[in-house]
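**Q** In the working numbering, each residue's number is its place in the sequence shown (first place is 1) plus 5.
Since the hints were made in silico from the structure, they are not lab data.
Heads up, the beta-carbon is just placed ideally off N, CA and C, and yes, glycines get one too.
One thing to keep in mind: the hints can contain errors.
Unchecked claim - Here are the simulated EDC-like pairs of lysine to aspartate or glutamate, each with C-alpha atoms no more than 16 Å apart in a straight line:
id, residue 1, residue 2
1, Lys208, Glu250
2, Lys68, Glu110
3, Lys74, Asp90
4, Lys208, Glu237
5, Lys68, Asp102
6, Lys16, Glu67
7, Lys68, Glu142
8, Lys16, Asp158
9, Lys16, Glu82
To be verified - Distance windows between CB atoms, simulated:
id, residue 1, residue 2, range
10, Ala71, Val246, 29 to 39 Å
11, Pro89, Asn59, 43 to 53 Å
12, Glu67, Lys93, 29 to 39 Å
13, Pro113, Ser217, 34 to 44 Å
14, Thr86, Arg199, 22 to 32 Å
15, Phe83, Ile30, 16 to 26 Å
16, Leu267, Ser147, 20 to 30 Å
17, Arg198, Glu108, 13 to 23 Å
18, Ile30, Arg200, 23 to 33 Å
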Amino acid sequence: MASEVLPQDFKIISSLRYDPALSTIGKRAAARTTPDPLTTPYYLLPYHQERLRNAAACFSWEKALAFLKQDTNQFVEFLNTFIPDNTKPWRLRILLDSTGTCEVEVNPTTSMNPLNYLTPTETNLQSTAWRVYIDSERISPSVFTTHKTTARDFYTAARLRSGIVSFVEPAEVLLINPAGEIMEGSITTPYFRRRDTTEGEGKPAWITPPLSSGGNAGTTRQYALAQGFCAEDTIAATDLVDGEECWLSNGVRGFIRGQIVLRGIDEPHA
């Protein structure tokens, strides 16, 4: 990424899911979530607002920050104007520029089990496991890896190097920093099991890379940490094992099972 020429007119973005099915699990989740991200049909909306505010502050975009001062109820009213049919699920992409102009792209998305929105449990294994590859190159951390923006060429390049050509493929690639640490996935936050739940001490069994490794401050990552599902810890790419099970998450698909695939870059893809 050091050789990349970043665009001057980039936007900060956040992708999330609109789903009326969220109301069916809101009450169950409310007792164990602060703040409760399931009180609206917009998945983890308070975390998306926080993510956008943090990015706008990082880039000193005062007009964008002024737009983002609205509370969650006001933001819901704003987003509602873009929903074509409130009985169906939709994928939203919020784009905000330095002038405070906000665009919302809305596309159809498939229905899914509402339990995917909650942090995983031993009995919540209904999703099909994605193939999870490791990038063959190293990515230098920057504000454009910490914050989600339209400057995403390095993510696209990592996906192509792993043979992932479509976002509908059940596949992900993990980005690695120059120190050899896992940063994040190209479109997800990863979680790896590094403790046994019987070890005690109240520590989560799962860990996710710390922001100091250079990855994105994702919304589902924040949710998983708040729920106590995981803790932060550095993860060396060399520590991953072929066939190892992991979890992935993002603001559109919720939590997804994954399985590490170690292979040479020239090997045929499944």
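**Q** Now look at each hint and say whether the structure bears it out.
**A** Now for the hints, and whether the structure bears them out:
1. Lys208 x Glu250: 19 Å, violated
2. Lys68 x Glu110: Violated, at roughly 21 Å.
3. Lys74 x Asp90: Given pair Lys74, Asp90 is violated - Cα atoms ~27 Å apart, limit 16 Å.
4. Lys208 x Glu237: Holds: Lys208 and Glu237 sit about 11 Å apart, inside 16 Å.
5. Lys68 x Asp102: 9 Å, holds
6. Lys16 x Glu67: 14 Å, holds
7. Lys68 x Glu142: 37 Å, violated
8. Lys16 x Asp158: 14 Å, holds
9. Lys16 x Glu82: 22 Å, violated
10. Ala71 x Val246: 29 to 39 Å: With Cβ atoms ~48 Å apart, the hint is violated.
11. Pro89 x Asn59: 43 to 53 Å: 30 Å, violated
12. Glu67 x Lys93: 29 to 39 Å: 37 Å, holds
13. Pro113 x Ser217: 34 to 44 Å: 38 Å, holds
14. Thr86 x Arg199: 22 to 32 Å: For Arg199 against Thr86, whose Cβ atoms are near 44 Å apart, the range 22 to 32 Å is violated.
15. Phe83 x Ile30: 16 to 26 Å: Once the Cβ atoms are compared, 24 Å apart, the range 16 to 26 Å for Ile30 and Phe83 holds.
16. Leu267 x Ser147: 20 to 30 Å: 27 Å, holds
17. Arg198 x Glu108: 13 to 23 Å: About 39 Å separates the Cβ atoms of Arg198 and Glu108, which means 13 to 23 Å is violated.
18. Ile30 x Arg200: 23 to 33 Å: 27 Å, holds
The structure fails hints 1, 2, 3, 7, 9, 10, 11, 14, 17 (numbered hints given earlier, in ascending order).
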